[in-house]
Amino acid sequence: MKKRGRLEIIKDILKTMQESRNSIRYTPLLRKSNMSTSKFNEYYSELIRKGLIIETKSSAGEKRLSLTQKGFNFLEKYKTIISFIEEFEL
Amino acid sequence: MHSLIQGIGVELIYSFVIIVCSLMIYYSTKEMYELSSYKGIKYFRQSFLLFAIAYFFRSFIKLLLVYSGASRILDINIKYIGSITLFIFMFFGSLAVFYLVYSLMWKKWNNRSNKIIKVFYIISVLISFIIITTQETLVFIITSLFIFAVSIFGLYLTHKQSKEKKKKSSIQIIYTLLFVFWILNIIELLIKFTYMYQIIIYLSSLGIFLVILYKVLKKTGSN
Numbered sequence: 001m002k003k004r005g006r007l008e009i010i011k012d013i014l015k016t017m018q019e020s021r022n023s024i025r026y027t028p029l030l031r032k033s034n035m036s037t038s039k040f041n042e043y044y045s046e047l048i049r050k051g052l053i054i055e056t057k058s059s060a061g062e063k064r065l066s067l068t069q070k071g072f073n074f075l076e077k078y079k080t081i082i083s084f085i086e087e088f089e090l
Numbered sequence: 001m002h003s004l005i006q007g008i009g010v011e012l013i014y015s016f017v018i019i020v021c022s023l024m025i026y027y028s029t030k031e032m033y034e035l036s037s038y039k040g041i042k043y044f045r046q047s048f049l050l051f052a053i054a055y056f057f058r059s060f061i062k063l064l065l066v067y068s069g070a071s072r073i074l075d076i077n078i079k080y081i082g083s084i085t086l087f088i089f090m091f092f093g094s095l096a097v098f099y100l101v102y103s104l105m106w107k108k109w110n111n112r113s114n115k116i117i118k119v120f121y122i123i124s125v126l127i128s129f130i131i132i133t134t135q136e137t138l139v140f141i142i143t144s145l146f147i148f149a150v151s152i153f154g155l156y157l158t159h160k161q162s163k164e165k166k167k168k169s170s171i172q173i174i175y176t177l178l179f180v181f182w183i184l185n186i187i188e189l190l191i192k193f194t195y196m197y198q199i200i201i202y203l204s205s206l207g208i209f210l211v212i213l214y215k216v217l218k219k220t221g222s223n
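Order-wise, the sequence lines are chains A and B.
Using the numbering used here, read the first sequence as starting at 1 and increasing by one per residue.
Using the numbering used here, read the second sequence as starting at 1 and increasing by one per residue.
Heads up, a few of these hints could be off.
Claimed, not checked - Examples of chain B residues toward chain A, derived with CB under 7 Å:
no.: 1; residue: L35
no.: 2; residue: I41
no.: 3; residue: K42
no.: 4; residue: G69
no.: 5; residue: L104
no.: 6; residue: S169
Derived from the structure by calculation, the hints contain no laboratory data.
Since we're looking at a predicted model, the values are computed, not measured.
Glycine is no exception: its CB is placed at the ideal position from the N, C-alpha and C atoms.
Make a model of the complete structure from these sequences and hints.
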């Protein structure tokens with residue numbers, strides 16, 4: 001099986017969140033990401049830091065994760081970005 | 001007088017179009033980079049920003065040549081302005097070439113990126129310093145050919161890599177032409193070409209930048 005690249009992993013994480021009606025808890029997201037906890041935490045921190053995802057609290061006080069507008073934009077532009085990288089061999 | 005004004009006009013239009021193309025490439029890839037933080041896109045964008053700065057100073061040198069009545073950059077009588085402009089032009093130009101080659105190769109040396117970028121800066125400063133201190137045509141040509149050799153070697157390595165992956169790509173050819181005409185743009189400051197050759201160099205350089213811009217806009221979907 002081909003190893004996923006960094007951008008593909010980010011896309012998969014964001015896609016999972018989008019498919020969960022843009023509200024998911026940390027543990028199910030970790031499970032669905034098919035990554036080790038330490039690797040997942042690296043991506044998780046990066047996504048928070050870059051403003052692609054945000055932590056929110058539900059009415060029951062539960063910590064949940066949602067995509068920001070930037071996160072949605074990433075998903076929308078993902079194919080364009082990949083196609084650009086391939087075209088210019090970046 | 002008429003041909004002088006015509007010459008300045010050609011220079012200004014040429015530089016203006018190349019600078020606009022470079023800046024359009026830089027800004028149309030801004031969103032992609034902000035979303036992805038992908039290093040290859042970062043180096044690619046920076047290269048075109050540096051080309052825009054280098055071409056701006058190149059046009060400034062050309063205007064100095066016209067103003068001072070000299071035919072070659074090394075004969076400019078406004079010594080300090082000429083030397084400083086030449087230094088900035090060579091520094092940004094060399095760095096632009098290195099960044100563009102590195103945008104194709106960064107994955108190989110990802111862990112040493114910071115060191116490699118520092119080396120690019122050091123080499124660019126050295127090249128520019130050697131040129132302005134020696135003020136020799138031969139040194140100027142040798143250093144330009146050195147930049148060219150390094151860039152072609154980098155392109156050769158990436159071409160070999162894409163061949164192994166059986167990927168078909170025209171980008172190495174476009175970049176090779178870009179570097180060839182970049183060197184001709186430098187040599188044109190040293191040796192007085194005929195008007196005809198000058199126009200051929202300018203049109204070819206413009207064509208290459210426009211092709212790259214077209215490819216970028218096609219991929220980014222920018223208007």
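So, going through the hints one by one against the coordinates:
1. Hint status for L35/B relative to chain A: holds, with the closest Cβ pair at about 5 Å, below 7 Å.
2. The beta carbon of I41/B is positioned within 7 Å of a beta carbon in chain A (closest approach about 6 Å), and the interface hint is therefore held.
3. For K42/B, the suggested interface contact is broken, since its CB lies about 9 Å from the closest CB of chain A, more than 7 Å.
4. A hinted interface residue such as G69/B counts as satisfied when its beta carbon comes closer than 7 Å to some beta carbon of chain A; here the least separation is about 43 Å, so the hint is violated.
5. Hint status for L104/B relative to chain A: holds, with the closest Cβ pair at about 5 Å, below 7 Å.
6. Taking 7 Å as the C-beta contact cut-off toward chain A, the hint placing S169/B at the interface holds, the least distance being around 6 Å.
The structure fails hints 3, 4 (numbered hints given earlier, in ascending order).
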